[in-house]
Amino acid sequence: MKLKYSIITILFFAGLLTSCKDYLDVPPMNIIQDQDLMSSENGMLIYMARLYSEMPFEDFKYSPQRWFYDDYQVAPGTVEGSSLGRNGAQAMTSEGWVRNSNPWWPIAYRTIRDATNLLENLPTYKGSFNESRYNHFMGEAYFTRAMVYYALAKRWGGVPLVREVLKYPENSVEALETPRSSEEETWEQVLSDFDAAIANLEETSPVRGYSNKYVALAFKSEAMLYAGCISKYNTALNLTGFGEKTGVRVIGFDPSTAQAASKKYFTEAFNAAMRIIKSNKYSLYRNKWAAGDKEAQYQNMIEMFVDINSSENIYIKEYSYPDMPHGYDIYNMASQWATGANGAFNSPTLDLVELYDGIDRNLDGTIKVFDREKDDPNRKYLMFDNLMDIFKNVEPRCRAFVMLPGDTYQNEMIELWHGTYTGDVADGISPLMSFNGEVDYSLATRGKYNTTDAYRGAGEYTQKVLYIDASRSTHEIVTLPDGSSVNASGRCGPYWNDQYGSITGFSLRKAISPNKSKAELASGVEAYDSHHCVLMRYGEVLLNVAEAASELMLAGESRVDGNDLLETAYSAIHDIRERAGADPLAGQADLKGETGRDLIRKERRKELPFENKILWDIRRWRTQHSDNLNGSTQSDGAYYRGLYPFYSTRANKYFFDARFDFFTHRYTLKLNQYYFAIPSGEVSKSPVIDQQPGL
Amino acid sequence: MKNRCYIGNLLIGALLFTSCEMFQMDNYAEPKETIKGEIVDAITGERVLTDQSGDGIRIRLRELSWTETETPVNYDFYCMKEGVYQNTKVFKGHYNVRIDGPFIPLVRLNQTTGDTIADETKYIDIKGVTEVNFQVKPFLKVEWAGTPAVSDGKITASFRVTRGISPEDFKAIIEPLGSYNADFLDVTDVRLLVSQVPYVGFSDRDDRYSVVTNYTGDAFNSLLGTTITITTNSNILAGRTVWIRAAARIRYLTENVSRYNYNEAVRVDIPE
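Those sequence lines, one after another, are chains G and W. Using this note's numbering, you'd call the opening residue of the first sequence number 14 and step up by one each time. Using this note's numbering, you'd call the opening residue of the second sequence number 120 and step up by one each time.
Treat each hint with caution, since some may be false.
Quick list of simulated restraints, FRET-style, between CB atoms [claimed, not checked]:
id, chain 1, residue 1, chain 2, residue 2, range
1, W, Tyr-318, G, Leu-376, 35 to 43 Å
2, W, Tyr-318, G, Asp-640, 28 to 36 Å
3, W, Met-144, G, Ala-690, 30 to 38 Å
4, W, Ile-243, G, Met-337, 57 to 65 Å
5, G, Pro-335, W, Arg-179, 34 to 42 Å
6, G, Arg-221, W, Tyr-318, 37 to 45 Å
7, W, Asn-340, G, Thr-681, 28 to 36 Å
8, G, Ser-269, W, Lys-273, 43 to 51 Å
9, G, Ser-66, W, Arg-179, 37 to 45 Å
10, W, Arg-179, G, Ala-249, 22 to 30 Å
11, W, Ala-357, G, Glu-591, 53 to 61 Å
12, W, Gly-336, G, Tyr-334, 52 to 60 Å
13, W, Gly-336, G, Ser-269, 47 to 55 Å
What the hints contain is simulated information worked out from the structure, not anything from laboratory work. Quick reminder that beta carbons are idealized off the backbone N, C-alpha and C, glycines included.
Build the full structure now, drawing on both the sequences and the hints.
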């Protein structure tokens with residue numbers, strides 16, 4: 014017993030002694046070290062894979078609701094006014110409501126650390142690469158940091174700028190605490206990281222999926238437009254303030270220098286975009302395009318998101334099934350094809366569709382659905398032989414982005430209609446939004462059609478003449494004059510009692526596979542798709558250059574680096590519109606002044622919806638709270654409209670009703686919500702990190 | 120052997136006990152002190168009426184006697200619509216009490232450097248029932264002009280908007296902070312708000328009936344002091360009871376929020 018004790022004691026002390034020997038102080042063999050990765054291109058492939066997997070790309074795995082790296086219910090457009098989402102309208106202020114307690118913030122700083130680690134340690138292994146490749150990898154690190162700081166700045170304004178790898182436990186936590194920098198310093202960091210990336214990156218990506226000089230230039234032009242707009246339009250709102258703990262101006266620019274700053278950033282945006290244009294490496298996709306042929310122009314804009322080799326693609330994200338799939342198609346597919354529980358998340362608004370050319374309009378610019386003006390008490394619905402006739406002259410771009418009622422997808426008619434009208438048509442059909450004999454299209458009623466007189470057989474109607482399916486499984490059956498019977502509503506909805514059909518009378522078309530198989534859609538598997546996501550395309554670069562030029566003209570410039578601003582803006586917008594099949598501009602004068610700027614902004618909303626761009630545009634323009642949306646603004650709470658098609662059995666024709674979305678998705682944004690709140694845990698645990706002023 | 124088992128069990132039991140703090144009583148005294156008070160116009164002595172939400176007057180307590188965290192966590196609550204506030208669940212201690220609303224900010228910072236130029240917040244001990252009143256300089260004053268009339272489900276109401284603080288006094292206080300803009304004083308919009316509950320305000324309004332009138336630039340200046348008459352939108356159903364209020368605001372933001380000054384809420388019964 015005693016002996017055992019002694020042995021244990023001796024062993025114990027022996028254990029203590031040997032652990033101090035230097036020859037045992039070796040890195041663990043099962044943990045990969047910098048030297049393993051940074052000493053070869055194959056090692057760097059692994060390092061890059063990690064960087065890119067955490068990049069804040071707003072791709073098919075990004076939604077304002079759930080942030081990055083999450084493919085669940087991805088439905089782009091639903092917070093920018095381009096469309097309404099089935100699971101409630103999530104305005105931008107609620108980006109990450111699911112993730113409020115677990116936001117992206119810590120991941121961002123982990124990615125910054127990985128990038129900075131590369132900048133600090135790769136020089137040790139410089140000899141392992143040829144000079145151009147070594148520079149490229151340094152450029153990748155700068156590009157990563159630029160993208161992360163850009164993503165941080167557009168959400169939070171000034172953020173902590175960590176420029177070196179923080180060493181813990183060598184330093185105490187107190188010594189490593191980093192306060193938020195000013196918003197201006199943060200944008201300066203974004204600018205300098207992009208510039209370093211552009212200087213170092215190679216002209217073409219050495220590996221598929223890597224960045225290159227032009228990718229960085231394109232994102233730089235986008236980021237600098239953001240910075241320029243903040244320094245201009247945010248300052249106009251007096252939206253600024255100082256951190257409570259540090260006294261640093263963590264949001265907004267100093268009003269006395271903001272004007273100069275905005276001009277500088279717009280110039281940077283303009284020059285970055287110009288370098289891409291002048292390189293002649295990219296062009297608008299026109300492989301299927303033909304002058305004057307609307308069908309070809311439409312087909313061309315479908316193909317541009319399908320063709321992985323499109324000359325318009327500057328940067329794409331690729332996926333693969335089953336390792337890295339996404340669910341874009343199934344979530345956004347109209348319910349006619351997506352028969353499971355996951356389709357029809359994305360219903361484009363009539364407000365978006367009305368931006369496009371080729372639609373008959375009322376005097377106030379809204380779509381014409383009656384034979385007289387909107388407020389004429391004797392107005393009757395216009396009757397159309399075919400469902401698609403109301404859009405027969407629409408700009409091809411609209412058809413390529415939005416599934417319109419009666420258009421074709423996979424050789425089937427898109428069955429978007431809300432109900433069937435069996436009443437008399439001899440004197441035309443009076444407005445359906447009639448309640449106890451009173452016609453009311455105002456926000457006040459917002460009634461669904463199942464409460465209308467025509468549905469209930471009240472008011473003017475002696476019997477029920479309107480039939481609507483309650484949901485995609487609860488039908489009202491209508492007998493046609495020939496004796497056959499059909500469901501009252503189309504297979505894509507809308508239905509009045511569930512949102513599994515379209516909500517607005519439209520469905521999403523953009524970037525959806527043209528030949529998605531029904532078997533896949535019906536399988537119930539959500540992440541089944543592997544087609545690529547276009548993150549940056551030449552079309553946006555043209556819109557960036559035009560907007561920067563317009564802002565510089567407003568700031569009093571007419572030329573930058575020998576480029577005529579008006580001419581540059583005109584040629585960019587001209588090309589975009591020509592490719593889209595839109596009405597041509599009258600001339601360069603269209604783009605002058607603030608009306609010109611607004612025209613460029615409108616072109617952006619028409620070209621880039623559903624690409625996670627517009628949601629940031631309306632924020633940087635600082636118009637999200639103030640844009641007039643159907644007589645209201647988001648600062649008061651605003652509503653979007655839909656277009657509800659009906660079929661008349663007696664006339665064998667279709668008619669349309671334009672009105673507020675009857676599920677009444679309400680969008681609100683207050684001024685102080687342009688900046689997101691810093692995650693409260695980060696504020697309370699740190700003696701230096703400030704919450705947004707005023708919050 | 121038996122003995123060893125016994126000791127072993129005891130040890131395990133002891134470990135279980137000592138490692139779990141859940142058996143300890145939370146003996147920290149519950150927050151039972153009360154802070155209350157009213158917010159009045161420094162000139163007229165009238166209460167500053169507000170909206171009962173983040174868009175109205177916010178009271179912010181910071182417990183300075185709390186030392187266990189680096190900085191005290193803000194304890195925010197909101198003023199009642201009559202311009203009075205009360206909170207009966209406050210820990211005993213030394214506090215900074217700050218209010219923000221549609222009046223000259225109590226804390227004023229240099230807009231270039233962020234340095235504090237004025238701090239009119241209160242530093243007090245909260246113990247028992249502590250009353251803390253504030254005298255402030257409201258931007259605008261909204262008053263009824265006559266009794267609202269009801270016709271066919273629509274309410275027509277008249278009111279006047281005047282300045283609570285003169286433009287000269289406003290400028291004398293705000294301009295030295297830097298980044299001054301003459302348009303701070305512009306009245307941007309005037310509202311007649313309708314709600315089905317007495318807590319009517321910007322954040323509790325029925326959009327079907329409430330009316331907003333926007334003004335660009337200083338267009339409202341000529342209407343200051345005049346009687347403004349607004350009729351509500353759409354017909355309110357007969358037999359219903361609603362509460363109405365008028366509100367107006369200027370462009371100047373307090374704590375990055377654009378806040379309204381109000382008159383008192385009035386009950387209106389729509390006849391059968």
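Evaluation of the provided hints:
The beta-carbon spacing between W/Tyr-318 and G/Leu-376, approximately 41 Å, falls within the hinted interval of 35 to 43 Å. A beta carbon spacing of about 29 Å between W/Tyr-318 and G/Asp-640 agrees with the range 28 to 36 Å that was offered as a hint. Distance hint for W/Met-144 and G/Ala-690: a CB-CB separation of about 35 Å, consistent with the stated range 30 to 38 Å. In this structure the supplied range 57 to 65 Å holds for W/Ile-243 paired with G/Met-337, their Cβ-Cβ distance being about 59 Å.
Distance hint check: the CB atoms of G/Pro-335 and W/Arg-179 are about 53 Å apart, inconsistent with the given range 34 to 42 Å. Restraint check, G/Arg-221 to W/Tyr-318: a C-beta distance of roughly 60 Å breaks the suggested window 37 to 45 Å. Between W/Asn-340 and G/Thr-681 the beta carbons are some 30 Å apart, a value that agrees with the proposed interval 28 to 36 Å. The hint said 43 to 51 Å for the Cβ distance between G/Ser-269 and W/Lys-273, and at roughly 49 Å that hint holds.
Between G/Ser-66 and W/Arg-179 the C-beta distance comes to about 42 Å, which sits within the given range of 37 to 45 Å. Evaluation of the 22 to 30 Å hint for W/Arg-179 and G/Ala-249 yields a pass: the beta carbon distance comes to about 28 Å. Checked against the hint of 53 to 61 Å, the pair W/Ala-357 and G/Glu-591 passes, with Cβ atoms roughly 59 Å apart. Between W/Gly-336 and G/Tyr-334 the Cβ separation comes to about 58 Å, which falls inside the hinted range of 52 to 60 Å.
For W/Gly-336 and G/Ser-269, the Cβ-Cβ distance of about 23 Å falls outside the hinted range of 47 to 55 Å, so the restraint is violated.
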